[in-house]
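Asker: As you go down the protein sequences, you meet chains A and B in turn.
Going by the numbering used here, the first sequence opens with residue 148, and the numbers climb by one from there.
Going by the numbering used here, the second sequence opens with residue 284, and the numbers climb by one from there.
Since the hints were made in silico from the structure, they are not lab data.
Ideal placement from N, C-alpha and C gives every residue a C-beta, glycine not left out.
A hint or two may mislead.
Said to hold, decoys possible - Label pairs and their computed distance ranges (CB to CB):
1) A:Asn276 <-> B:Arg355: 51 to 61 Å
2) B:Ser369 <-> A:Thr380: 28 to 38 Å
3) A:Glu239 <-> B:Arg378: 24 to 34 Å
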Amino acid sequence: MAISGVLRPGYVQLRVLDMKEALQHYRDRIGLDVVATGDDGRVYLKTYDEFDHHSIILRPADDAGMDYLGFKVASEDVLDGFRDKLIRAGLEVIDVPAGEQPRLGRRVAFIAPTGHRIELYATIERADNSPMTTNPDLWHAEPRGMKPIRFDHCLIYGDDIDGAAEVFTDILGFSLTEQVLTPDGTKVAIFLSCSTKAHDIALVRFEGKNKLHHCSFLLESWNDIGHAADIMTRYNMSVDIGPTRHGITRGQTIYFFDPSGNRNEVFCGGYAFYPDNPVRTWHTEEVGKAIFYYERALNDRFMTVVT
Amino acid sequence: MDRPFTIKVENCGSEFRCPSGDRLLHAMERQGRQAIPVGCRNGGCGACLIQVTEGDYRTGPMSARHVSAEGRQCGLALACRVYPQSDLTVRLAERSSTDQTP
Numbered sequence: 148m149a150i151s152g153v154l155r156p157g158y159v160q161l162r163v164l165d166m167k168e169a170l171q172h173y174r175d176r177i178g179l180d181v182v183a184t185g186d187d188g189r190v191y192l193k194t195y196d197e198f199d200h201h202s203i204i205l206r207p208a209d210d211a212g213m214d215y216l217g218f219k220v221a222s223e224d225v226l227d228g229f230r231d232k233l234i235r236a237g238l239e240v241i242d243v244p245a246g247e248q249p250r251l252g253r254r255v256a257f258i259a260p261t262g263h264r265i266e267l268y269a270t271i272e273r274a275d276n277s278p279m280t281t282n283p284d285l286w287h288a289e290p291r292g293m294k295p296i297r298f299d300h301c302l303i304y305g306d307d308i309d310g311a312a313e314v315f316t317d318i319l320g321f322s323l324t325e326q327v328l329t330p331d332g333t334k335v336a337i338f339l340s341c342s343t344k345a346h347d348i349a350l351v352r353f354e355g356k357n358k359l360h361h362c363s364f365l366l367e368s369w370n371d372i373g374h375a376a377d378i379m380t381r382y383n384m385s386v387d388i389g390p391t392r393h394g395i396t397r398g399q400t401i402y403f404f405d406p407s408g409n410r411n412e413v414f415c416g417g418y419a420f421y422p423d424n425p426v427r428t429w430h431t432e433e434v435g436k437a438i439f440y441y442e443r444a445l446n447d448r449f450m451t452v453v454t
Numbered sequence: 284m285d286r287p288f289t290i291k292v293e294n295c296g297s298e299f300r301c302p303s304g305d306r307l308l309h310a311m312e313r314q315g316r317q318a319i320p321v322g323c324r325n326g327g328c329g330a331c332l333i334q335v336t337e338g339d340y341r342t343g344p345m346s347a348r349h350v351s352a353e354g355r356q357c358g359l360a361l362a363c364r365v366y367p368q369s370d371l372t373v374r375l376a377e378r379s380s381t382d383q384t385p
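Let's have the full structure, built from the sequences with the hints guiding it.
Answerer: So this is what it looks like as structure tokens:
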């Protein structure tokens, strides 16, 4: 099946307490490129290998967390189709006109049952420094910092993850790839894909609404994960756990925190998912291995520390 | 070099040292102590909320969701953003319910 509906997570807007520290983290340590700064103080960034104008938006604020997560869809017609379906399902739709962010087209936003603002859009301009397309070299200039390839996904925490997952699967066409179940069959973690990735968004059950667990960047290899770890230690960055591997998705990973306390992940690997694949299920008795395959135990922070 | 400050955590009777210019929570972690819960270490998640009951300190940026302006005036702070300016006595503080609201 071609990917003809939702293509991928395209952007996330994060709140940061101190822009200077945030830029040192996202630009100099992780290695994103700054592509624009808005009059309202928002800063727009992208990885070296992303075609679209921006993927990470940092907004100065007095608390940390995620303002919204945007998914790019295949076309303006597809966007209209999703808008109608969301309304028919009883969700309130917020239309954001083009230009609210630089070089970004119109957006259709809704509040998921977990309280998170999710946005859909079809049109965004190419970045001036987007990757080469003719006899393409790997990059214009060698990547800096942790050398992220793309903004990959977010894990979000909230109460009604069943309701939110239903919106993603029934309306937006995502597939359930993995889940963690309690003995009575309650889903405590849900992993969803709109592509051939093992996850494009993940949801964990949590008291309260609208929490961010992490925002993740793809690296090329396990060696690059090691290089990222070297950078984290060199600059005394706040590390949560890793390098390690997830049982779920099989990705190799480090969790760490930005200077405002938003959790980031750098990861590589993971299996390819196809829509005919069966759902992989973990039981809560094995949740340690599911989340941290080498430690085989959760750390307290995984379940409780969010922004 | 200045004498390190002594930090007393009332709830558990724990005591550790914090060098001048260092952050309270980071100093605690480096000494292998676990008196205060460690979260993001960067002022965002609220895990290390404390009440300072005695002593002088300054703070770096902290999420207003976890420490309001009034809270700050009453000595509430996130230990990861506390720079002691004297010996301090602190205790773990209850996280308010406001951090559950969207």
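Asker: Evaluate each hint against the coordinates.
Answerer: We went through each hint and held it up to the structure:
1. Remark: the range hint 51 to 61 Å for Asn276 of chain A to Arg355 of chain B is contradicted by a beta-carbon distance near 42 Å.
2. Between Ser369 of chain B and Thr380 of chain A the beta carbons are some 31 Å apart, a value that agrees with the proposed interval 28 to 38 Å.
3. One distance hint, 24 to 34 Å for the beta-carbon pair Glu239 of chain A and Arg378 of chain B, holds here, with the actual separation near 31 Å.
The structure fails to meet hint 1 from the earlier list, while all remaining hints are met.
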